[in-house]
Amino acid sequence: MSIWIKKSSRRLALSVSLVTCLGTLAGVSQSWAFSSKDGIEVDLEYDGKVALPSPSLVPAKDGVPAHPETLTSDEQVQLQLTFLSGAFQNNPVQGGRRTDDTAVITREDKNFIYYHYKGKALLDNKVGNHYPFTLPRDPKTVYQASVNPDGKVPCTDPHYQGAGDYFYFWNPTARGCRLQKERDYFEITADVKRLPDAPQTFPDYSRLIDKNGEITIHVLMGKNEDKTTRKPVFSFDDSAPTFKQYDALLKKEKFSAKTLSKNEILHMMAVQPEGKEVYYKKLPYIREYEKTEGGVKVKIRYFYGNVSAADDSGPMHFFWKDAIEHASVAIYSGHSGLGWNLKPEMIQEELGEFNVDPYRYQIWVLDGCSTYTYYQQPYFQVKASKMTDKDKLDRLDPKANLQIISAALESGITYNAATPLEMTTAILAYLRHKDAPNWKTLAGRMSHENLIAVSGDEMAPDTVDGRYIRNIEMVAPIEPTLIVPPLKTTLPVQLTPLVLAPAPVGEIPLDAEDLEEIKKMQEEDAATGATDDAPAQDTPSEEAAPAEAHSPGIHSLGDYVPEFAKRYFK
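Residue numbers for the sequence shown follow our numbering, beginning at -4 and rising by one.
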């Protein structure tokens, strides 16, 4: 059952979670292991209660007059459970809830609905055997009870004062909050069972090589603000430095590069199933890189564009769908958008079903706020969706061919470069026969107080060269061609010496449309007094030098590389 939130509430500068109670796909094992620097996965169980739902007035819309509406008992329980987002994030022991939980109603009386909750969560590893938190007595009325006479709502984030965001930032213990225990909210203590951490495991590096002898990495970086200029080399958007950091790494590694023209992007997006079309307001910026390393061709596509699910998500959805269908490694870094930006059902409704090979090994990185809560489980289901009926009946585990990296907490935009930087350097290290990191090391390097975890790595190999030392228990027999350890792909028996692509990274020029866009932005900024995303120098003429010459710091790493990334450029 889904709790729907009106469209106007979906757009946030920080990602917030839309939590849905998802059913379990037949055939997907529910026993998970993971690697995390700071987190531990746990089973949570508690007995809770919520006030009986009262009628509320639904405003008139689309010719339908205003009318009273009352939630069902199950809907009232599910609405209360959405507040677990705020309850866990504003807890001294922070964490995030998984979506495949259950809440079974046990009884009702004249005041309350009583239920028993079971679910999994990723919590800070300081958690003990019990986990206290708060939930509202009545989730339908608690927001109005939180509003002070001056109109301020101290029980939530000071920057997000609206009712639509309230469940995510819910914090009745915040300073100035007038909500009272029992009258407005309940204190609950859940029993905690810590799940075993995964052993030391590695990405199955050799299986990332596809049938063409290539490793493909697709990186989708979302803008912080949709209004900012298209080209990250010029933009002052908060997410633009991520491109600059990653581009600098690939220049250092001597990748050749090409920026796709707008016509090339439009041509790619034009190939759609019958009746489907990619709608957009602004085209993304896309740059492709390539080099041969250790006899294996490494191809990288970097997408930089709008990711707002409620507004201009068409190109992002198209290239994300393409990434998980075709790339060895698919990386998303951007806003989660109330659980809508990467919502599988929305993308499939827009662009058709995912055509993901369930038997090909892949790594998917979901680096956004609370992606563990609402994307991890649905995307394992996407991986399993094209399994044969026999494999589903045999409960073949999709984690044999997929690991997902996700975050339980808010994920800061200024650190989003960590995931593509770490994943790319790890793959290059493997191809050079150097010390490629294991999953625990990678999770630690990617984590920045956002509880990054690798899920499904109980199926990953024990060694960097893809060997399994431990026994892996399977829930049912698996066909010989799919048995773990898996068969290798096209990795040569002996890797060839390092080969560098001769062409250096090219310049990134501004075209006439970019210049017109910049001029328009300057005029708007001058009219409003705004300076965000304004160029540091006068707008260059159409015949001027390439944009990099006009972009401060583009060749000076110290201007935009945070401390955590500087080790890549020593």
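Honestly, the hints are just simulated from the structure, not real lab data. Cβ coordinates follow ideal geometry from the N, Cα and C atoms, glycine included. Do not take every clue at face value.
What the hints assert, rightly or not - Mimicking BS3-like on lysine-lysine, the simulated pairs with C-alpha atoms at most 30 Å apart in a straight line are:
(1) Lys115 to Lys381
(2) Lys176 to Lys246
(3) Lys147 to Lys32
(4) Lys246 to Lys271
(5) Lys56 to Lys271
(6) Lys246 to Lys435
(7) Lys276 to Lys247
Said to hold, decoys possible - Using C-beta positions, here's what the derived DEER-type ranges look like:
(8) Gln343 to Lys176: 38 to 48 Å
(9) Arg178 to Pro144: 39 to 49 Å
(10) Glu444 to Glu340: 23 to 33 Å
Now for the hints, and whether the structure bears them out:
no.: 1; hint: Lys115 to Lys381; in the structure: holds (26 Å)
no.: 2; hint: Lys176 to Lys246; in the structure: violated (57 Å)
no.: 3; hint: Lys147 to Lys32; in the structure: violated (37 Å)
no.: 4; hint: Lys246 to Lys271; in the structure: violated (37 Å)
no.: 5; hint: Lys56 to Lys271; in the structure: holds (28 Å)
no.: 6; hint: Lys246 to Lys435; in the structure: holds (28 Å)
no.: 7; hint: Lys276 to Lys247; in the structure: violated (34 Å)
no.: 8; hint: Gln343 to Lys176: 38 to 48 Å; in the structure: holds (44 Å)
no.: 9; hint: Arg178 to Pro144: 39 to 49 Å; in the structure: violated (18 Å)
no.: 10; hint: Glu444 to Glu340: 23 to 33 Å; in the structure: holds (31 Å)
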